[in-house]
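Engineer: These are the residues of each chain, in order.
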Amino acid sequence: MRIVHTSDWHAGRRWKGLQRLDELEAVLEHLAAFVERESIDLVLHSGDVFESRNPPAEAEQLVNRFLVRVGRAGAHMLVIAGNHDDPARLDARSLLTELVNVKIVGRPRSAARGGSFVVETHRGEKAVVAALPFASPGAWVSALDLAGDEEAARRKYARMFELAVRDLSGAFRRDAVNLFMAHTHLEGALFGESERRVHIAEDWAASPQALPSAASYVALGHLHKPQQVDVGVPAYYAGSLIQLDFGEAGEEKTFNVITASPGRLGKPGMVEKVPYEGGLPLIDLRASLAELEAAADRYRKGWIRVTVPLTKADPDLNRKVRDLLPNVLVVRAELPEVEEPAESRLETGLPPVGHYAAYHFREHAQAADLAVLDTFQDLYDQASGEDQL
Amino acid sequence: MRPVHLAVEGLACFRERQQIDFRLLELFAISGPTGAGKSTLLDAIIFALYGEIPRVNFQSRTEMISAARDRVTVVLDFDVGASRYRITRVLRRNGVQMVRLEERDASGSFRSLADQVRTATDRVVQILGLGAAAFMQAVVLPQGEFARFLKAPPRDRRSMLRTLLRLDVYERMREQAQRLSALEKVAVDSLRKLLTDEYAGLDESAVAGLVAEQAEVVESLATLRQRRDVIQVALARAQSLHAKTRELRQVETRRVALQKQAKQVKVEQARIEAAARAAPLLPLLDEAARAFGAAKTATHAAEEAKARKDVAQQEWQAKAGALEAAERAGKTIQMLRVQVGRLHQVIGRLPEQEQLAATLDRQTQEAAALKDQRTALAAAVESALAAQAKQEGAVHAARQAAAASGYDPELDELLQTERDRAVELGAARRAAAERRAELARKLEAATEHAREVALLKKRVESARRTAAKAKRGFEAAEEALHLAVSLNEANHLREKLLPGQRCPVCEQLVDTPPAIQLAPEVEAARAAYRAARDKRADAEALARRSEAALTGEEAQLLAARQGLSELEARCAEIEAGVAAAEAAIFQTLDARAPQGGGVIEAWIERRIAALAKSRKVNADAQAQQAAAEGAREKAMAAETTARERLGEKKTLLMRLEKERRAGLRRLQALQAAVRAVTRSADPAAEAGALEEQIRQIEANLKAAAEAAASARNRLATAEEAQRLTAESALTALEAALKRAQSRDQEIERAGFENEAAIRKALLDKATVNRLEEQVQRHLQDAHAADARLAELGAELGDERVSDQQLAAVEKLAVNATAEVETALGREKRLEEQIRRARERLERLQELREELRREEAALHVHELLAADLRNDRFQAYLLQEVFTELVRGASARLLTLTEERYSLRFNDDAIRVVDHDNADETRISDTLSGGETFLTSLALALELSDQVQRAVGAVNLDSLFIDEGFGTLDPDTLSLVSETLQNLRIGGRMVGVITHIPELRDEFAQQVIVIKHQGYSTVEVRGLAEPA
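Quick note, the sequences are listed as chains A and B, same order. Numbering that gives the first Met the number 0 puts the first residue of the first sequence at 0, with every later residue one more than the last. Numbering that gives the first Met the number 0 puts the first residue of the second sequence at 0, with every later residue one more than the last.
Hint data in this document are derived by calculation from the structure and do not stem from the laboratory. Check before you lean on any hint, since a few could be wrong.
[As the list claims (entries may be wrong)] Chain A is faced by these chain B residues, among others (derived, beta-carbon under 10 angstroms):
id, residue
1, GLU302
2, GLU879
3, ARG899
4, GLU977
We put the CB at the ideal spot given by N, CA and C, even for glycine.
Produce the complete structure using the sequences and hints provided.
Structural biologist: As structure tokens, this is what we get:
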């Protein structure tokens, strides 16, 4: 059985004024052609299909077109919701995509309530897929837990993850290829710049030890750097389709092709990395205007961040750089560090009477009498008391 | 501070109780249509905490109570650190407020902290560290207001900023300081004026002068008092002598007056004596007068008795006349009784007469009804006859229609019996045709198959030839390979054979080594051999497969041919069956069979269809005939019935007429009998009236007899009374004359002239007493005056004091007393002057002190009033606070935008620095929607933080952002939702108030305010259910 693992499409993402739908279309075209050509049996998508809960129609069109094409080609496909997706909307979409053998799991659910599936290829090989979509900390940890002991709340989240894995992997069978899907951050995995920070804080990471040892392959989503997680089973983040931020410049984006055959539990599949094609590279340059001009032709393709070292401010720098290279997204001016005059500014958050004392000293060149300050405070209390009633 | 649970009832649009559990909410939208009450949720929280409602002033806050509610009730549970508090507030429409603040203790139950409005609010401020205004500013971020601020024209910005930073408080302070300094200025001026005008020259020496003057006055006062006392003693003696002198003169005057009265007293004494003589004669006078009175009364009674007798006599005469008239009337009674007897006889016959009349009426009505029925029955007979005629015609018509239908029942029956056979015949005919077609098809297929088999045979032969050829090729290649191998081995060995040495194989000495032969390449030969072997195997396999295929095909062909002959036989059998069936049908139909060609069964079907049509027409006609016959029968029956009943009615009518005539005769006889007795319509009433008349006459007679008897009695009584009264009047007159005679003798004997003189001399007892007392008193007074004159003369001697002498002494005494009083008054006045002077001295000290204080306060307030002017401290603070605000906001903005934007504040404008565009700066009013949002959000967040820092408030774990956008373009929407997601750091609760559905949908958790007709409800959506 041959399986493709893809993830983190973030369709409809707006980034520095770009939507990059053309690139997404090209990459998905390439991926779909691959699935057709290689007679792939099963496609796994481990979450963040869309960038937002409410994606633009163009993005939905691209995604739907892909799902239908892959389904028509005879492959099964399984999708789980990521932290960017609207779980309820994905569940609703599943009602239609099941018509072309594409099953989508939006909200986390137990094996008994449809959290795991048996897929049979046309050659009669069977795969069991246990799918665990993204669970927000709020879904598993109440605000009360949070308000109490944050550490206990984190432990509770990790514990809930373990319980869910145990329940879902209970569906694994000896005579099938056993697959596990999850959208989460595992401790020890590397993240880039483009993930939504609040969710990938180490605090809410799940433990890699929680992954089911009986799985032939674990398909992970959430982190944008393709990587294998160092744990007893073959567990991989497929990563994003394209480089999503300058932090990922130069990084190769790949999907995984797994060859696995039914047999005993825990029999690992063979994993091969295949690069996505069709995305434009992100380039992070540090160059003077002259150097940039000289090398401009090498950077016509891709999206660029340029840091220009300057000796003095150049108000026209932005225009000059963008005239040279229209595909520059970010122009950073790097000026020599100027020591800001250390103004004798008072500490922030002074009470009003403090401000007045400072003003008095500055204005009258002498410290204010206590009587004056007391009167000031009285007047202030009186005047703000009027506010209250 | 983190809200845990809110229940609100009766506040503005939340008429019914609404509850929100905040425990599971982290980042959520508060959404709903404009005016549904999104902000009212925040109002409820603030009202619960502080008892006031933002945007509504204190006096009119009861107007926030929902219509038709008399109170607003809000219960808020909130956490601060590890403590849980509950505050309950109720505000009634009459303005009465109730509040209870509780804290949850270790056991989980709530313990009251305060239940007075003021103490509870003070505790809340203490717990949160924030007053209401600061709380609102820190928890509800006026992001929208900052957005407006950034876009406002420059001249409006300063005042908006003043409002945002709450700097108006300093303007109020300045106004207050100015007000106070003005008051103090007035106070200082008036104090100064007072001191110069009123207190000039006031000091201790002035008081000392007053004290010395007072001592002098006290000294002179003693001398004056002594002199006054001496004069008082002299005065007392002079007064006593003066009084006695005056009395002596008065007594002398009195004695002269008494001597003048003595003559009058003697006259009085004579009057008393005459009265004593007259008194015994008075009873005689009275007795005589009484006797005359009695005589007069008796005479009067006699006259009255006579008058009464006359009246009684008149009355008796009247009653006697009435009795005579009544007796005349009594004589008519007998005649009336006879007439009554006759009437009673007539009345006995009246019921019979009425019954007869009723019977006659009924008979008349019955006769009329019978006549009507007779007429109706005659009409029924007529119509039944008409119906018979009509139905006769219908029967005739139906018969003709049935004959015209041309239906042949015999043929119909025959065809029905033959039909099944015809159907079978048709099926057999079709089966025969199908089989015949199948036979043809199979024959063609067998021919085709035979052609294929022949082709296959050719192929087998060719394969066999190819296999033989391949075998030969293989044998040649094998041989070539063997040759190549042996030659190569030989060449190999040959290399080792050197002349003169031993062969390594046979150990023989080599003479000359054999010549080197040209040996073919072994590997090539091996390859050729392998190719040939494969080719042979392929060819043989092909030949085998071809043969196998041929054998199979031949067997199939044979089988197919056998099948064909069977099919042929079956075909013939079916066709024979068809011919036989056809013959049988023709025989049955005999002459009716069709003469032309065509298929017999089709003809049968057609005929049956045609017959079915005519059969239906025939059946209809017969049904119509039957119906018409039935109707005719009915009409005939109706005619007979009607004729029978007509006969009955005629007999009945004749009998009735006879009875009626007899009844009429009897009635006429009865009516004549009645008319002989009376013309009255109602004899019974007439009899009743006559009886009443008789009773009346009898009663009148009786009454008249009684009245006459009574009048006669009264007359007798009156005559007796007249006689008695006349006698008694005569006796009384004689007695009176006798008494008058004896009276006149006594008057003469007493020496009075006549009766009148006696009456004049008479005095009553009181007058006598009074006169006697007057005489007595006169004698006593004269005696007393003489005695007093002698006494006074002895006491006075010749020391007599006149009025003038006394007045002189009195004047001396008054003067001495006045001098003393004057001195005393002067002393008192001096003492008061001294006291007042001392008080004024003290007041002077106080006033000087007050002046000093007022001057100090004036100085301070003048200083503050000047400093607090908006171009001075206010400007300084605006600059200071705003610079601080922008600095903090800039740091936040960098974080929020992942290092893209920061802020700079100079030249009175906020500029956004775009680090993605070579630090290009943009002035705030040229920012895009997204940049405006980010900047204003950063400013709002920083302001919240600064407010908290400035008062040292508790950490506010909750934020409400009033986004305040009209619309959002997709880019901005994406930026806004991304940024808002980043806000939820550290478990902070963030609520975003929005009415934009796209923005709302970016939030998994939503608090939806639903607007109904006249009220709103709240619903929480999207709380994740556990997996």
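Engineer: Need the list of violated hint numbers for this structure, in ascending order.
Structural biologist: Hint 1 is the one this structure does not satisfy, whereas the remaining hints hold.
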